[in-house]
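Protein chains: 2
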Amino acid sequence: MSELKSFLQAKSNIIETELSKYLNTNEIPVILQQSMSYSVDAGGKRMRPILILATIEAFGQPSEKGLPVACAVEMVHTYSLIHDDLPAMDNDDYRRGKLTNHKVFGEGMAILAGDGLLTFAFEIMSKGTYEGVPIQGILQIVRELALYAGPKGMVGGQVADLEGENKTLSLEELQYIHQHKTADLLIFCVRAGAILAGASEKQLTSLTHYAQHIGMAFQIQDDILDVMGDQEKMGKQVGSDEKLNKSTYPSLLGMEESQRLLEEHVQSALQALAEAGVADSGVLASLARFIQQRDH
Amino acid sequence: MSELKSFLQAKSNIIETELSKYLNTNEIPVILQQSMSYSVDAGGKRMRPILILATIEAFGQPSEKGLPVACAVEMVHTYSLIHDDLPAMDNDDYRRGKLTNHKVFGEGMAILAGDGLLTFAFEIMSKGTYEGVPIQGILQIVRELALYAGPKGMVGGQVADLEGENKTLSLEELQYIHQHKTADLLIFCVRAGAILAGASEKQLTSLTHYAQHIGMAFQIQDDILDVMGDQEKMGKQVGSDEKLNKSTYPSLLGMEESQRLLEEHVQSALQALAEAGVADSGVLASLARFIQQRDH
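Quick mapping for you: the protein sequence lines, in order, are chains A and B.
The opening position of the first sequence corresponds to residue 1 in the working numbering, with each subsequent residue numbered one higher.
The opening position of the second sequence corresponds to residue 1 in the working numbering, with each subsequent residue numbered one higher.
Pulled out of the complex, with its shape left as it was, chain A reads as follows (with noise of 0.2 Å):
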């Protein structure tokens, strides 16, 4: 795991490096560029775009042509946090051991902040330069981060899991919101980075069932983090999906039954990425694996 963790450390020091020569342009109004760089900054695992550099490395190629799509997807994974966090949505004041963005911000600037992080992760992307990439490739991740995370994707899930509050859920409609508000744009992330690094049809269809699982996966940790996590480790409170009445799969399923499917998930995910017959699955099987034992 430590060369995994140096792997991680590493590829999100330069997604960060990246991201910040985004934000700081005078082309945005002052008060817009901090709130939306305050909640870019705020961390995380950068999971997401780690996952597209991974993905291009696995075939041998190097990973710099998948920085705009890198920053692109991190762009919009924070704006749907943002947008998460407002009191009409979740009512949360913190996010990652910071304020939440409207807490410092204000309401309006926060849908604002998550507006523009949205839009620009399009500007971003299509404006990119992906050497040796054909045209067609990067028309292609266009069309499909808006797909996986619109409304028929992850704003679709974001509907679902804003429905399904204060009720119990079957098995059926949490799979539905994990599926879309979470899955969904790691299966992009994955696809991206196939695209970019030239996958065969077939190549492309065994990763998305490995990023599908991992997705699956991760969302059922974060439910059992919820329930068993460590506070100060996670920055935020633990427990707040059961204040919420929101349906998890432990509560759903139980804790233990809970365990056994998060390993089956992350178990085909590894079938899936054997299937892929990528150069070098290494840092991919890895991460599946620090998906299931990560405890933040």
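Rather than coming from a laboratory, the hints here were simulated on the basis of the structure.
Some hints here could point you the wrong way.
Where chains are identical, the list cannot tell them apart; a pair therefore holds if satisfied intra-copy or between any two copies.
What the hints assert, rightly or not - Keeping only pairs whose Cα atoms sit at most 35 Å apart, straight-line, the calculated DSBU-like set for lysine-lysine is: (1) K5 - K167; (2) K45 - K202; (3) K21 - K167; (4) K21 - K103; (5) K21 - K127; (6) K45 - K127; (7) K21 - K98; (8) K202 - K98.
Knowing the structure of chain A, use the given hints to seat chain B on it.
What follows is chain B alone, placed relative to chain A:
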């Protein structure tokens, strides 16, 4: 003008039919689909999409190939209205004579409907088929929509507008707001139509000036109508700018000077249009006059 009116009506019908096709999909959760459709169906003049189609036709080309972009831009415009109406922003209960989105669907859903429309716009645009348009042109249009609608464009203008509430603005600050909040998306429309029609760089520059001036004319007329308009025709309360202590052209320059500035922008638009040397500038010229003379 009656020729223009039947042109506007015909194009409006085509655009509304296309919009319904995109929105009537069971891939979007029902309640989200209803919330998005509610605001898209609320009507309005469809000025932005019509501008795209009219620009393509000005080059003597069939406007059908502009439909995906036309629908995309109407969705972006609609998302901006939904978010702008929220309590944390303008706090409007009515829009075009109908309850605003959050009054019907709640604030959380209204935020997500806006997010959904914005993201869907990029899906529609990047998956459209554009007969005879080189793929570089399509990617350029995607990039320009993100640029003109994003933090350097429309979202930046919204931020300046939000920051400017309850303050007396300088004319320069007011112009910044209108340039970005209103003109930028109109500029995108004309540029997108021109790019799809294969305009030369010189034509693109002249048409950008045309759009810039009609954008400013549009906003000045908006400010004038908020003082002098007919409440019934407008479908919203007049005098709302004054109530919100918003700086407007009439409040900063007086009504007479505002009318003069409006006429100046229309003249400049017509001159830039003449310089563009398109095959048939008739409709674009009428649109500039229509913007000045509209009563809602």
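Classify it for me, K5 with K167: is the Cα-Cα distance of at most 35 Å met within a copy, between copies, both or neither?
Answer is neither; intra-copy 39 Å and inter-copy 50 Å both fail.
Using 35 Å as the alpha carbon limit, work out where K45 and K127 are close: within a copy, between copies, both or neither.
both (26 Å within a copy, 32 Å between copies)
How would you classify K202 and K98 at a CA-CA limit of 35 Å: within, between, both, or neither?
neither (43 Å within a copy, 50 Å between copies)
For K21 vs K103, is the C-alpha pair at or below 35 Å within one copy, between two copies, both, or neither?
within (26 Å within a copy, 40 Å between copies)
If the cut is 35 Å between Cα atoms, do K21 and K127 qualify within a copy, between copies, both or neither?
Cα proximity of K21 and K127: in one copy and across copies (14 Å, 30 Å).
When no copy is specified for K21 and K167, does a C-alpha distance of 35 Å or less occur within a copy, between copies, both, or neither?
Between. Shortest inter-copy distance 33 Å satisfies the 35 Å Cα cut-off; intra-copy 43 Å does not.
Taking 35 Å as the upper bound on the Cα-Cα distance, should K21 and K98 be classified as within, between, both, or neither?
within (23 Å within a copy, 43 Å between copies)
Are the CA atoms of K45 and K202 at most 35 Å apart within a copy, between copies, both, or neither?
within (30 Å within a copy, 47 Å between copies)
This entry does not satisfy hints 1 and 8, going by the numbered hints stated previously.
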